[in-house]
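Participant: Sequence:
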Amino acid sequence: MHKELLQKRIFTKREATIMETKVVYKSTLFGKQSEVTIPYEDLTRHKESYLLNRKNFYIPVIVLGFFTLCSFMWRNDKDFEQDFGENRWIFWSILFLISIPIYLISLENLWKVRVQYNTYLFFFKNIPNKKEVDDFLECLFKTRDNYLRETYFFEPNKNIPYESQKSNFQWLRKSEVITGTEFQNSMKKLEEVFSSDLKKIGFN
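Residues in the sequence shown are numbered consecutively from 5, following our numbering.
All clues given are correct.
Lysine-lysine pairs mimicking DSS-like chemistry, simulated, CA-CA at most 30 Å apart:
#, residue 1, residue 2
1, LYS146, LYS7
2, LYS51, LYS7
3, LYS7, LYS30
Because the hints were derived from the structure by calculation, they are not lab data.
Given the sequences, and given the hints that come with them, work out the whole structure.
Facilitator: Shown next as structure tokens:
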């Protein structure tokens, strides 16, 4: 069963689909679309608040603010008036005032979910509403955990190398798929299964 989240805000669109073994994530900005498929093995449970502040929006505000300030301070300078006009500061002020609300609208209050290799999936916190976003992320993490448990969390088996199973349990614990108690119990069972072999290795 697939669950989808669709988020739209002015020039930004984000869409995510929870599938059995992966999450499909699409992002569109100014009509340019990118799509990635993240297997649950690469998805973490790490979620943090993030305010997206794009350079191409705040830099123009700074530049226009600088021009507005300079033109206002030098508005009575004769050379400045001759070169640029007496009321040029009004022109820059209007542009500056227009740029401020555009910049504020461009700010995005997000959740960012970490993927392996220090990349992230971004989600608006309140679009379409807070509850729907929270429910989607909860479902995403639950689906991810269930899949990883069913695929990788198994009883110790003597037919599989000891180190391979040990690394698997450590990875599951590090990925927050199993609890500390489950990890300890699994390692205890693993050592019991390989106890005779471990004693031989220790003796040698």
